[in-house]
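Mind docking chain B with the ligand on chain A? Use the hints.
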Amino acid sequence: MVSSLIGCNMYDVVVIGAGPAGANAAIDAHDHGLRVLLIDEGRDAGGQVWRPKSGSILKASVTSIERKGNQLREHLQKSEVKRKFETRVWHIEKSDNGGWIVGLSGPDDEKQVTSRTVIIATGAQERIIPVNGWTLPGVLGLAGSTALMKENLLPPHGRSIVAGTGPLVFYVASEIQRLGGNVTAISTLNSKLDWCKALPSMILKPRLLFQGLCWVLSLYLKRIPIFWRTGIITIEGENAVEGVTITKVDKDWAPKKDHQRYIPCESVCYGQGLLPEISASRLTGADHYYDEKLGGWVPTIDDLGRTSEKGIYACGDNAGILGVTVAPISGKRAAQAVIEDLKGENPGAGQSNLKMMQKFGRAMTVLNIPRSGLIKFIDDETEICRCEGITKRDIDHEIAHGAQSHNAVKSGTRCGMGPCGGRFCMDTVAMLTAHHTSKTREEIGLPTARPPLRPVILDTLSGDLDYDDLPIPGVSPL
Amino acid sequence: MNKGAVSQVQRSEKISFQFDGIDMDAYEGETIAAALFRAEVSHLRDAPNSKNPRGLFCVMGVCQECVVSVDGKIVEACRTNVSDGLIVNRVQYV
Ligand code: FES
Numbered sequence: 001m002v003s004s005l006i007g008c009n010m011y012d013v014v015v016i017g018a019g020p021a022g023a024n025a026a027i028d029a030h031d032h033g034l035r036v037l038l039i040d041e042g043r044d045a046g047g048q049v050w051r052p053k054s055g056s057i058l059k060a061s062v063t064s065i066e067r068k069g070n071q072l073r074e075h076l077q078k079s080e081v082k083r084k085f086e087t088r089v090w091h092i093e094k095s096d097n098g099g100w101i102v103g104l105s106g107p108d109d110e111k112q113v114t115s116r117t118v119i120i121a122t123g124a125q126e127r128i129i130p131v132n133g134w135t136l137p138g139v140l141g142l143a144g145s146t147a148l149m150k151e152n153l154l155p156p157h158g159r160s161i162v163a164g165t166g167p168l169v170f171y172v173a174s175e176i177q178r179l180g181g182n183v184t185a186i187s188t189l190n191s192k193l194d195w196c197k198a199l200p201s202m203i204l205k206p207r208l209l210f211q212g213l214c215w216v217l218s219l220y221l222k223r224i225p226i227f228w229r230t231g232i233i234t235i236e237g238e239n240a241v242e243g244v245t246i247t248k249v250d251k252d253w254a255p256k257k258d259h260q261r262y263i264p265c266e267s268v269c270y271g272q273g274l275l276p277e278i279s280a281s282r283l284t285g286a287d288h289y290y291d292e293k294l295g296g297w298v299p300t301i302d303d304l305g306r307t308s309e310k311g312i313y314a315c316g317d318n319a320g321i322l323g324v325t326v327a328p329i330s331g332k333r334a335a336q337a338v339i340e341d342l343k344g345e346n347p348g349a350g351q352s353n354l355k356m357m358q359k360f361g362r363a364m365t366v367l368n369i370p371r372s373g374l375i376k377f378i379d380d381e382t383e384i385c386r387c388e389g390i391t392k393r394d395i396d397h398e399i400a401h402g403a404q405s406h407n408a409v410k411s412g413t414r415c416g417m418g419p420c421g422g423r424f425c426m427d428t429v430a431m432l433t434a435h436h437t438s439k440t441r442e443e444i445g446l447p448t449a450r451p452p453l454r455p456v457i458l459d460t461l462s463g464d465l466d467y468d469d470l471p472i473p474g475v476s477p478l
Numbered sequence: 001m002n003k004g005a006v007s008q009v010q011r012s013e014k015i016s017f018q019f020d021g022i023d024m025d026a027y028e029g030e031t032i033a034a035a036l037f038r039a040e041v042s043h044l045r046d047a048p049n050s051k052n053p054r055g056l057f058c059v060m061g062v063c064q065e066c067v068v069s070v071d072g073k074i075v076e077a078c079r080t081n082v083s084d085g086l087i088v089n090r091v092q093y094v
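From first to last, the protein sequence lines are chains A and B.
Per the working numbering, the very first residue in the first sequence carries number 1; after that it's consecutive.
Per the working numbering, the very first residue in the second sequence carries number 1; after that it's consecutive.
Chain A on its own, in the form it takes in the complex:
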């Protein structure tokens, strides 16, 4: 134990993640006189949604999304919240004095801090259903492509296919066009009916609805074909993307094999929504539950964001995928909970139309809920674990031989033990396990939470993870 030496805590609250939720939480807590540290692995605040432009861009037109990010960054600057950027949290553990120790890996020498409370605002990661060819260079995650475009103003190469679910598909396609790229087709699993069902909730946020309609309209005007109720079944190419085969789907999103079409292209952006990034909250021991309408596994929280662990709070997409409209308020509410708990004051953070925004967010998340037929997109030979090269056949075999949980599949195949920490295969493994065993996602559970939280350096020689390569001197992570 490194921890026990420290008697008093350095901070009242450490906020992990400087997106719209975390940054707002940090600002409010700071304004109420708490000692705050805000940590993010990016170069500046904004998170993925308000990701700042790279330092190489001196001048460019500013979009409305960017403007919001800029406002947040200016606000933070003025508030003098203590910040650590390009810093990753790799561990969180309870200290002997009832506070928390947060293990850091970043450019400065401080390798850990202590705090009375921790607000977790780690956001989301992408859900990408594996298909043959998804490992080819030229295939980008849908959210990944927004990162590339927001940061560098670079559209994907050549002719692009944009595919997947939810509103992100249309946003990405319209951004590619705006940045001078070339979208050759859009393929979405959703039907027009799915969108009609979302409409009543979308009307609650007319400005966002209008923005969405503008994206779609701009695509129609450029005569970019939108293939509704279709998905990518194979991505073709030798050493890079050369084309995709898309297929019609039935109402469960199972591919209809006789309705296929080949489309040549040089790049693919695809993804099926977002998953709450819960590895940090899980490591604290807080309770979690499964709710597909919130994007999957989420921490159990009260209405202000208190988890079941004393001193641990969650806000933003990692507490349920509700998007950027809800995130700032949810951050402020988490700060309110901390202020109440530490100072006994009630700062009365905004309730203002939270319900309405949650309804909007949920309607968008519902468009992404994976349906049962999706696993039929995955071929026996498809690599499910990109890191370790483990195919669906390997995983099916493990499940057929009795593996009923993540941990069992993992120890049988090494699936999820690669450098990405299972972030791109875990959800698929659970889908396959549910399919083969008829167990619910709750029954299947989650793999044991273990540090390090964030991806760590690969060992050069063996391709294996070696803890000696961890950028954390002098502390054993396990």
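Any given hint could be a false lead.
Okay, the calculated beta carbon distance ranges per label pair [what the hints assert, rightly or not]:
{"hint": "1", "chain 1": "B", "residue 1": "84", "chain 2": "A", "residue 2": "440", "range": "51 to 57 Å"}
{"hint": "2", "chain 1": "B", "residue 1": "73", "chain 2": "A", "residue 2": "8", "range": "32 to 38 Å"}
{"hint": "3", "chain 1": "A", "residue 1": "108", "chain 2": "B", "residue 2": "84", "range": "20 to 26 Å"}
{"hint": "4", "chain 1": "A", "residue 1": "402", "chain 2": "B", "residue 2": "14", "range": "57 to 63 Å"}
{"hint": "5", "chain 1": "A", "residue 1": "397", "chain 2": "B", "residue 2": "13", "range": "51 to 57 Å"}
{"hint": "6", "chain 1": "B", "residue 1": "84", "chain 2": "A", "residue 2": "68", "range": "29 to 35 Å"}
{"hint": "7", "chain 1": "A", "residue 1": "107", "chain 2": "B", "residue 2": "89", "range": "20 to 26 Å"}
{"hint": "8", "chain 1": "A", "residue 1": "108", "chain 2": "B", "residue 2": "73", "range": "15 to 21 Å"}
{"hint": "9", "chain 1": "B", "residue 1": "84", "chain 2": "A", "residue 2": "61", "range": "49 to 55 Å"}
{"hint": "10", "chain 1": "B", "residue 1": "84", "chain 2": "A", "residue 2": "223", "range": "40 to 46 Å"}
{"hint": "11", "chain 1": "A", "residue 1": "397", "chain 2": "B", "residue 2": "84", "range": "48 to 54 Å"}
{"hint": "12", "chain 1": "A", "residue 1": "372", "chain 2": "B", "residue 2": "85", "range": "50 to 56 Å"}
As a list, the in silico DMTMM-like pairs of lysine to aspartate or glutamate whose alpha-carbon atoms are at most 25 Å apart [said to hold, decoys possible]:
{"hint": "13", "chain 1": "B", "residue 1": "73", "chain 2": "A", "residue 2": "108"}
{"hint": "14", "chain 1": "A", "residue 1": "59", "chain 2": "B", "residue 2": "13"}
{"hint": "15", "chain 1": "B", "residue 1": "51", "chain 2": "A", "residue 2": "380"}
{"hint": "16", "chain 1": "A", "residue 1": "59", "chain 2": "B", "residue 2": "84"}
{"hint": "17", "chain 1": "B", "residue 1": "73", "chain 2": "A", "residue 2": "86"}
{"hint": "18", "chain 1": "B", "residue 1": "51", "chain 2": "A", "residue 2": "396"}
{"hint": "19", "chain 1": "B", "residue 1": "73", "chain 2": "A", "residue 2": "109"}
{"hint": "20", "chain 1": "B", "residue 1": "51", "chain 2": "A", "residue 2": "242"}
{"hint": "21", "chain 1": "A", "residue 1": "94", "chain 2": "A", "residue 2": "74"}
{"hint": "22", "chain 1": "B", "residue 1": "51", "chain 2": "A", "residue 2": "238"}
{"hint": "23", "chain 1": "B", "residue 1": "51", "chain 2": "A", "residue 2": "379"}
{"hint": "24", "chain 1": "B", "residue 1": "73", "chain 2": "B", "residue 2": "28"}
{"hint": "25", "chain 1": "A", "residue 1": "59", "chain 2": "B", "residue 2": "71"}
{"hint": "26", "chain 1": "B", "residue 1": "51", "chain 2": "A", "residue 2": "394"}
{"hint": "27", "chain 1": "A", "residue 1": "59", "chain 2": "B", "residue 2": "28"}
{"hint": "28", "chain 1": "B", "residue 1": "51", "chain 2": "A", "residue 2": "236"}
{"hint": "29", "chain 1": "B", "residue 1": "73", "chain 2": "A", "residue 2": "379"}
{"hint": "30", "chain 1": "A", "residue 1": "84", "chain 2": "B", "residue 2": "46"}
{"hint": "31", "chain 1": "B", "residue 1": "51", "chain 2": "A", "residue 2": "381"}
{"hint": "32", "chain 1": "A", "residue 1": "111", "chain 2": "B", "residue 2": "71"}
{"hint": "33", "chain 1": "A", "residue 1": "392", "chain 2": "B", "residue 2": "46"}
{"hint": "34", "chain 1": "A", "residue 1": "256", "chain 2": "A", "residue 2": "443"}
{"hint": "35", "chain 1": "A", "residue 1": "94", "chain 2": "A", "residue 2": "309"}
Derived from the structure by calculation, the hints contain no laboratory data.
Glycine included, C-beta positions come from ideal geometry on N, C-alpha and C.
Relative to chain A, chain B with the ligand alone:
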């Protein structure tokens, strides 16, 4: 006509770096991934087990597909800035 948004972009000074022995251009302040992307180098490494080619994927430091070698250290190209004269190599697994 939609070139508008990009044509007005003003970027920083050009610098140069090497990728696998080949000279490349970059803009000061961008990531290795961005510079290679602009040069249309999409194949960043071969996977250790299947040996199949890999490139940029999540662009947010999660998937580890973009790792490259800089000064014998493995870094994420999507989170590491390029600098003038930087020597970057493809990761070799044995
Ligand atoms: S592209 Fe995924 S870590 Fe860089």
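Does the alpha-carbon distance linking residue 94 (chain A) and residue 309 (chain A) stay inside the 25 Å limit? holds (10 Å)
Would the hint linking residue 256 (chain A) and residue 443 (chain A) be met if the CA-CA limit is 25 Å? With Cα atoms ~30 Å apart, residue 256 (chain A) and residue 443 (chain A) exceed 25 Å; violated.
Do residue 84 (chain B) and residue 223 (chain A) keep their Cβ atoms within the hinted range of 40 to 46 Å? Given a distance of about 44 Å, which is inside 40 to 46 Å, the answer is holds.
Against the 25 Å threshold, does the CA-CA distance of residue 73 (chain B) and residue 379 (chain A) hold or violate the hint? Not OK: residue 73 (chain B) and residue 379 (chain A) at ~36 Å, beyond 25 Å, violated.
Just to be careful, I want the Cα atoms of residue 51 (chain B) and residue 381 (chain A) compared with a cutoff of 25 Å; is the pair within it? Holds. Residue 51 (chain B) to residue 381 (chain A) sits at ~15 Å (cutoff 25 Å).
Between residue 59 (chain A) and residue 13 (chain B), does the CA-CA distance stay at or below 25 Å? holds (13 Å)
Between residue 51 (chain B) and residue 394 (chain A), is the straight-line Cα distance small enough, at 25 Å or below? Satisfied, since the Cα-Cα distance of roughly 18 Å is no more than 25 Å.
Hinted pair, alpha-carbon criterion (25 Å max): residue 51 (chain B), residue 242 (chain A). Please report holds or violated. With Cα atoms ~19 Å apart, residue 51 (chain B) and residue 242 (chain A) stay inside 25 Å; holds.
Is it true that the CA of residue 94 (chain A) sits at most 25 Å from the CA of residue 74 (chain A)? violated (33 Å)
For the pair supplied as a hint, residue 51 (chain B) and residue 236 (chain A), is the alpha-carbon distance within the 25 Å limit? Holds - the C-alpha atoms of residue 236 (chain A) and residue 51 (chain B) are around 17 Å apart, at most 25 Å.
Does the beta carbon distance between residue 73 (chain B) and residue 8 (chain A) stay inside 32 to 38 Å, or does it fall outside? Between residue 73 (chain B) and residue 8 (chain A), where Cβ atoms are some 36 Å apart, the hint holds.
Range agreement (Cβ of residue 84 (chain B) with Cβ of residue 397 (chain A), hint 48 to 54 Å): holds (51 Å)
When the structure is compared with the earlier hints, violations turn up for hints 9, 21, 25, 29, 30 and 34 and for no others.
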